[in-house]
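Here is how the chains run, residue by residue.
Number of protein chains: 2
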Amino acid sequence: MNCPIPQDQLDEIYAFAIDLARKAGKLLLERIGERNVDQIYTEKENAVDLVTQTDEDVESLIKTAIQTKYPTHMFLGEETYAKGQSREYLIDEQPTWCVDPLDGTVNFTHAFPMFCVSIGFIVNHYPVIGVIYAPLLDQLFSSCLNRGAWLNEKRQLPLIRKPSIPPMPSNAPSKCIFACEWGKDRRDISDGNLHRKIESFLNLAAERGGRGGKGGMVHGVRSLGSATMDLAYTAMGSVDIWWEGGCWEWDVAAGIAILLEAGGLVTTANPPDDLHAPIEPVKLGSRLYLAIRWVP
Amino acid sequence: MNCPIPQDQLDEIYAFAIDLARKAGKLLLERIGERNVDQIYTEKENAVDLVTQTDEDVESLIKTAIQTKYPTHMFLGEETYAKGQSREYLIDEQPTWCVDPLDGTVNFTHAFPMFCVSIGFIVNHYPVIGVIYAPLLDQLFSSCLNRGAWLNEKRQLPLIRKPSIPPMPSNAPSKCIFACEWGKDRRDISDGNLHRKIESFLNLAAERGGRGGKGGMVHGVRSLGSATMDLAYTAMGSVDIWWEGGCWEWDVAAGIAILLEAGGLVTTANPPDDLHAPIEPVKLGSRLYLAIRWVP
Numbered sequence: 001m002n003c004p005i006p007q008d009q010l011d012e013i014y015a016f017a018i019d020l021a022r023k024a025g026k027l028l029l030e031r032i033g034e035r036n037v038d039q040i041y042t043e044k045e046n047a048v049d050l051v052t053q054t055d056e057d058v059e060s061l062i063k064t065a066i067q068t069k070y071p072t073h074m075f076l077g078e079e080t081y082a083k084g085q086s087r088e089y090l091i092d093e094q095p096t097w098c099v100d101p102l103d104g105t106v107n108f109t110h111a112f113p114m115f116c117v118s119i120g121f122i123v124n125h126y127p128v129i130g131v132i133y134a135p136l137l138d139q140l141f142s143s144c145l146n147r148g149a150w151l152n153e154k155r156q157l158p159l160i161r162k163p164s165i166p167p168m169p170s171n172a173p174s175k176c177i178f179a180c181e182w183g184k185d186r187r188d189i190s191d192g193n194l195h196r197k198i199e200s201f202l203n204l205a206a207e208r209g210g211r212g213g214k215g216g217m218v219h220g221v222r223s224l225g226s227a228t229m230d231l232a233y234t235a236m237g238s239v240d241i242w243w244e245g246g247c248w249e250w251d252v253a254a255g256i257a258i259l260l261e262a263g264g265l266v267t268t269a270n271p272p273d274d275l276h277a278p279i280e281p282v283k284l285g286s287r288l289y290l291a292i293r294w295v296p
Numbered sequence: 001m002n003c004p005i006p007q008d009q010l011d012e013i014y015a016f017a018i019d020l021a022r023k024a025g026k027l028l029l030e031r032i033g034e035r036n037v038d039q040i041y042t043e044k045e046n047a048v049d050l051v052t053q054t055d056e057d058v059e060s061l062i063k064t065a066i067q068t069k070y071p072t073h074m075f076l077g078e079e080t081y082a083k084g085q086s087r088e089y090l091i092d093e094q095p096t097w098c099v100d101p102l103d104g105t106v107n108f109t110h111a112f113p114m115f116c117v118s119i120g121f122i123v124n125h126y127p128v129i130g131v132i133y134a135p136l137l138d139q140l141f142s143s144c145l146n147r148g149a150w151l152n153e154k155r156q157l158p159l160i161r162k163p164s165i166p167p168m169p170s171n172a173p174s175k176c177i178f179a180c181e182w183g184k185d186r187r188d189i190s191d192g193n194l195h196r197k198i199e200s201f202l203n204l205a206a207e208r209g210g211r212g213g214k215g216g217m218v219h220g221v222r223s224l225g226s227a228t229m230d231l232a233y234t235a236m237g238s239v240d241i242w243w244e245g246g247c248w249e250w251d252v253a254a255g256i257a258i259l260l261e262a263g264g265l266v267t268t269a270n271p272p273d274d275l276h277a278p279i280e281p282v283k284l285g286s287r288l289y290l291a292i293r294w295v296p
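Here the protein sequences line up with chains A and B, keeping their order. The opening residue of the first sequence carries number 1 in the UniProt record's numbering; numbering runs sequentially from there. The opening residue of the second sequence carries number 1 in the UniProt record's numbering; numbering runs sequentially from there.
It is possible that part of the hints are untrue.
Which copy? The list can't say, so a pair holds if one copy fits it or any two copies do.
[To be verified] Mimicking DSSO-like on lysine-lysine, the simulated pairs with C-alpha atoms at most 27 Å apart in a straight line are:
| hint | residue 1 | residue 2 |
| --- | --- | --- |
| 1 | K83 | K26 |
| 2 | K283 | K197 |
| 3 | K26 | K63 |
| 4 | K184 | K197 |
| 5 | K214 | K197 |
| 6 | K23 | K283 |
| 7 | K63 | K197 |
| 8 | K197 | K69 |
| 9 | K283 | K184 |
| 10 | K63 | K83 |
| 11 | K214 | K63 |
In short, the hints are calculated from the structure, not lab data.
Based on the sequences and whatever the hints tell you, model everything.
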């Protein structure tokens with residue numbers, strides 16, 4: 001990717017984004033003691049689609065900091081978007097911040113540690129900077145174009161894209177860890193998202209030869225309750241495969257930045273008509289993603 | 001539970017167990033950089049049932065320390081047991097250490113952070129001390145009879161059994177986080193464990209009224225790849241419900257100790273014939289467990 005922003009400016013933006021993610025994570029930690037399953041959230045689409053005051057406060061903190069420091073940059077945040085009228089894809093070629101103040105809100109309301117703040121920075125439709133911070137785990141995943149992808153800014157093992165990541169198993173998806181989420185659509189209808197997802201998950205889990213030849217015998221099926229954390233762990237190589245449908249840009253912008261800088265692959269989750277065609281990189285906004293970790 | 005070991009001796013054993021778990025965790029961290037998916041493990045029952053040299057070395061470290069410090073105590077460890085001839089239930093009324101040196105071996109081989117060492121101490125069939133340490137998360141869950149259950153020895157929020165745990169939702173299992181594992185049995189047969197498990201998981205996930213009235217609309221379905229971690233988070237109240245079949249004593253001894261001391265409930269996962277009968281506490285060795293977190 002040929003970025004019109006000079007590297008030294010990009011490095012400065014990267015340092016700012018890391019600092020901002022840590023500040024946002026601190027606020028999340030302060031708020032977690034106040035959780036109360038029956039009271040602190042508002043249901044959105046249904047009883048498992050939540051937003052809390054914390055989501056809004058953290059987004060406000062991030063948005064204010066960005067608009068003060070970089071007033072010419074565009075901003076797209078989950079909560080800002082939800083309050084707006086438009087449902088169009090809003091990212092153009094301009095430098096744009098794409099932010100999820102709290103991914104894994106259900107986890108957050110239960111003090112289950114798989115929640116995070118996600119800050120992506122996009123230029124010419126390419127996510128050039130990504131920072132994901134899970135404060136209860138104190139795990140900060142980050143990347144900047146040409147600067148590599150890192151866990152906890154090089155302080156902690158395993159570093160991303162280092163020898164600690166083994167080769168992809170020769171008979172993948174066997175021996176792979178597959179991450180997936182059950183999602184918010186819980187309608188019990190045969191062609192609904194719930195049943196279609198579970199069919200796919202079962203195919204990956206079942207023994208080789210099972211499921212009409214589709215059995216993948218993956219090492220493990222993991223569901224963390226945060227697509228952003230799934231993607232961060234895929235970038236790190238702890239998860240080998242992740243797919244999800246219905247993601248918004250703020251769910252994946254930072255994670256895709258980190259995964260790409262770590263050498264991973266992200267494409268659409270629908271198989272192409274021609275299985276031998278070149279794999280197309282995914283476009284942000286496609287809603288349907290398949291990510292594969294870096295293969296040494 | 002009326003423990004024949006005086007409290008001051010129990011406190012000493014508790015401190016020893018915590019120290020031992022930290023030492024074992026340190027060894028796990030040292031070994032994680034050496035992982036290589038294709039080489040370092042041995043398959044047991046099938047391609048997803050693993051044991052590594054690390055499992056054996058960590059058990060050896062723990063067993064040696066215990067036998068040196070408490071030569072009269074019995075010891076039951078996963079790897080020791082696997083090498084033995086007997087398949088009988090081996091815990092009697094004597095003071096017995098029950099140890100899983102590495103739960104979540106698949107996660108460990110992928111550097112996915114949900115793996116842990118689990119050390120339980122059982123007297124008269126009751127788990128009186130439990131220590132679970134997840135070194136990559138630096139989360140240590142622990143309990144001792146009459147001493148409460150704690151995360152990171154009181155240093156970190158949320159503490160177990162503190163106001164940060166909200167009430168159980170009034171319409172549970174809705175609004176609950178449900179933890180479950182896909183397991184190692186991946187045979188694609190309709191009455192096999194894989195399909196029976198997924199049927200149960202689907203019931204809990206589906207909308208209210210769905211699945212022939214069985215739909216539970218839980219907040220989230222989580223699979224971490226470690227029954228021990230599932231149970232630790234249930235003790236903490238981050239997970240509300242967990243069930244599992246086929247667990248061994250070392251998978252659950254420490255977790256049950258912590259859950260019980262935190263005020264949680266653990267029983268068999270098969271519903272009784274009489275739904276109004278008193279709920280019986282589970283017996284270690286029953287293999288089939290249902291755990292519910294503490295309800296304030």
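**Asked** Hint by hint, which ones does the structure fall short of?
**Response** 6, 7, 8 and 11
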